[in-house]
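Start from the sequences and build out the full structure, keeping to the hints where you can.
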Amino acid sequence: MAVGKELLLKIADIAAISIDETEAEDYAKELDSVIGYIEQKLSEIPDDDLEPMEHVLSAQSFFRADEVTNFDRKAELLGSASVTKDGCHFVPSVVDPS
Amino acid sequence: MEYEIVIGLEIHAELKTKTKIFCGCKNEFGEEPNTNCCPVCLGMPGAMPVLNQKALEYAIKAGLAMNCDIAEFSKFDRKNYFYPDTPKAYQISQYDLPLCHDGYIDIELEGTTKRIGIERIHLEEDAGKLIHDASGEGSLIDHNRSGVPLIEIVTRPDIRSPEEARTVFESIKSILEYTDVSDCRMQEGSVRADVNLSVRPKGKGTFGVRTEMKNINSFRAVERACRAEAERQTELLERGLEVVRETRRWDDLKGTSFPMRSKEEAMDYRFFPEPDLLPVVIDRSLIAEIKSSIPELPFDKRRRYTEQYGLPLYDAKLLTESKKISEIFETALEVCKNPKLVSNWIMTDLLRLVNEKGKSILDTALNGRIFGRILLYFDRGEISQASARTLMEVIAETGEEPDSVIDRLSLRVQRDENLVSGVVKTIIRDNPQAVSDYRAGKTKALGFLMGRTMAALKGNGDPEQVRSLLIKELDRTE
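First to last, the sequence lines map onto chains A and B. For the record, in the first sequence the residue sitting at position 67 is 67 according to the working numbering, with numbers rising by one throughout. Position in the second sequence (first residue = 1) + 98 = the working numbering.
All the pointers check out, no bait thrown in.
Below, a list of computed lysine-lysine pairs in the BS3-like style, where the Cα atoms sit at most 25 Å apart: (1) B:LYS438 to B:LYS457; (2) A:LYS85 to B:LYS227; (3) B:LYS186 to A:LYS85; (4) B:LYS227 to B:LYS352; (5) A:LYS10 to B:LYS186; (6) B:LYS114 to A:LYS74; (7) A:LYS74 to B:LYS116; (8) A:LYS5 to B:LYS177; (9) B:LYS124 to A:LYS85; (10) B:LYS186 to A:LYS74; (11) B:LYS177 to A:LYS10; (12) B:LYS212 to B:LYS415; (13) B:LYS114 to B:LYS177; (14) B:LYS415 to B:LYS455; (15) A:LYS74 to B:LYS227; (16) B:LYS523 to B:LYS570; (17) B:LYS421 to B:LYS435; (18) A:LYS74 to B:LYS124.
Keep in mind the hints are simulated off the structure, nothing from the lab.
So this is what it looks like as structure tokens:
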């Protein structure tokens, strides 16, 4: 699979990362070589006799009992945000103008 | 041309677990913002989610109640999207192997029964709450809701009218309430619906282009949104225009929907298996155990009420809408074995009290058993209708026993013939004008004298007895 500039810009857009045209070309090339390497390695592995799998790990889930273990370190958690206001994380407005 | 509406619903319901889905933070509405948060639900690097067993069980229970197959092998996936209410930049959800699939519910609308397919029910986590900041400079985020367990119930596009959409939403909410997996507090947004709707010329086999309206949180709003959107799409088609596939936001105040910003709808979720969680393998015995805990559901209850108790469908529907009301009906019926009487009193007086004093009235001493006793006394003619009403109100306030209130307020119907005819004689003696009116053929005067007598008996006379004693006395002393 080739990562073109177009796909790279689309992914950047969805992830809200600002990348300019020149950067996009460089990153596309780099990603191409990484994915190309993986693809080549994968193609070397014989997989004709492999059963399809749903998950990379073969173990199965364990569960947690429904018991409260509150973390109670609000100040510390909020402290890791770049901007806070009134005990909340504060972000640029996301209200849909209508 | 005649058009047909095709609707499918996606209903999100918060599960009433004590803690969040992947961490031990409290699952509680209305607390101070960001108090029930930890590195897991805030998506801090390195934090590892662990599935809450109760959330899994509740989801299975909802699935079984909606006749779904439960997947013995299921897994979680990452739904990637960049939005500030989701600190991880992905939501843990289920993509291609949902926990429950291929079920159905039966609904009843205008006397006919219809089966609506349930495509799937999957488990996922809720996002944080965005609060619009009055300054207009930005948005505040409260992450108490981040990681609250949700189930998403996806119906098949089997719904054909706005009324049907509302009934499906009501029925599903009712099932969630009966199975006790969700609080179903609509006003807190714990149950909300997305509406997928398209229209097509009647008789056409393929579906038209659909739109999606997100996060509608009342039954009425779902019905209105469906009606408005069907009208909008029909109008476009009639003018030879095309419906654009898009996500719209329903504004219930304005009664219309708006397209969401293109940026928000251009979602490409890039689902992939959640590497931090292992596949979920469910033991058959757990499914059987959960199945045995499912109570009689509203649709079956309704049928039983009409068949076993001979109640009209209207009554049965009203009585089964809420689990609490149906419990009160059934308990009261164990005491006062007159189904129609109990039903009437619930539909009028009890629901009136609920309207006036709030739902909390159902948690007072006025429980099903006491309510049944009051009705039993009334049915036997031991207390009057007015007294029965008084009893209900007093008991809800004070928590007293019915008999002690009856004694304290002298509410028992007075049938002692000597006593009643004594009162009747006094009334006749004190109201000569009415008496002569009656004798002159003015029957209205009898009503007046009855009223006087009942008042003298503090409303506790037996109307039949008072009436016959009055007539006897009037005819005798002529």
